[in-house]
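Asker: The listed protein sequences correspond, in order, to chains Z and P. Under the working numbering, think of the first position of the first sequence as 1, with each following residue one higher. Under the working numbering, think of the first position of the second sequence as 1, with each following residue one higher.
If you are wondering where the hints come from, they were derived from the structure by calculation, not from laboratory data. Please note: incorrect hints may appear among the correct ones.
Said to hold, decoys possible - Taking lysine-lysine and the DSBU-like style, the derived pairs with C-alpha atoms no more than 30 Å apart in a straight line are:
#	chain 1	residue 1	chain 2	residue 2
1	P	K19	Z	K110
2	Z	K110	P	K10
3	P	K19	P	K40
4	P	K59	Z	K110
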Amino acid sequence: MKSAVLVFPGINRERDMARALRLASGREPAMVWHAETSLPAGTDLVVVPGGFSYGDYLRCGAIAARSPVMDAVRKFAADGGLVLGVCNGFQILCESGLLPGVLMRNARLKFICHDVHLRVERSDTPFTRGYNAGQVIRVPVAHGEGNYAADEETIRRLEGDGRVLYRYCSPTGEVGDTHNINGAAQSIAGIVNERGNVLGMMPHPENHVEDIMGCTDGRGLFAGLTAHLDRAA
Amino acid sequence: MKARVTVTLKSGILDPQGKAIEGALKSLGVEGIASVRQGKVFDIELAGADKAKAEAVLKDAADKLLANTVIENYRVELLS
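Use the sequences and the hints to build the structure in full.
Answerer: Shown next as structure tokens:
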């Protein structure tokens, strides 16, 4: 796996992400500055990390989504390359048009920063093959704008095509209003694009990958990506 | 030339900030307010003086960056 982590001004989770990728793959990811117009040769995974690109000015992710490197990412994705966006990265992917919908202000207006449970909806994708379908994992969230919204038709298609990969749930996997931390449509925590090669998710799997973090439930995502890409290589 | 672009949430899009402002106005005792929706205003100064060109530039700016047309509408006004 040869991964590239994008770096925008105001991003602050890029090193956590790089560490998780290094742990899973044994290879050092390339850190790619937003002003670059191309990705390193041989890149097979692009990661858009979390943080507060451009101070969340205008709308979360709006300015980063229009930066030069994103044209290269759009082309990379159009060629079938894998793209993972976490938290602000999810917001950037939505703003860039790589994923449908938008992340709105949390329904109860609070910044939410604690562990949540996610139900992995299917295991037959590069982003979930490290888990079993229906498995519940515990990972942290840290966001003020994670309330996924899209028009009815888009939501219907996401559900119909099985493109919701991660959903907020109870510790035992029940989905409902009480466990839907930010008011997201259908308790959506993570979705893929139509082709299935671009994932955006609000929670931070990269922050639950080592014993010292108190939980290693996030490992499966990175282990799955590594297995997928190393097999393809 | 001066212009103003106003960006508002589309109807039907939940606006928790507007709701919070509405609640705050009620608790301040400001009477007669049925509901509040909030948005953004951009005051923009344009380099040229051609009106048609200015409108096209502002529309381009709004489509490309100022508004997320998935959830927002915008209105362009030339002020002088």
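Asker: Give a verdict on every hint.
Answerer: A quick look at each hint next to the structure:
Our distance criterion of 30 Å between C-alpha atoms is met by K19 of chain P and K110 of chain Z, whose separation comes to about 14 Å. For a cut-off of 30 Å, the pair hint linking K110 of chain Z to K10 of chain P stands: about 23 Å separates their Cα positions. Of the supplied pair hints, the one linking K19 of chain P and K40 of chain P holds, its CA atoms being roughly 16 Å apart against a limit of 30 Å. Among the hinted pairs, K59 of chain P with K110 of chain Z is inconsistent with the structure: their alpha-carbon atoms are about 33 Å apart, more than 30 Å.
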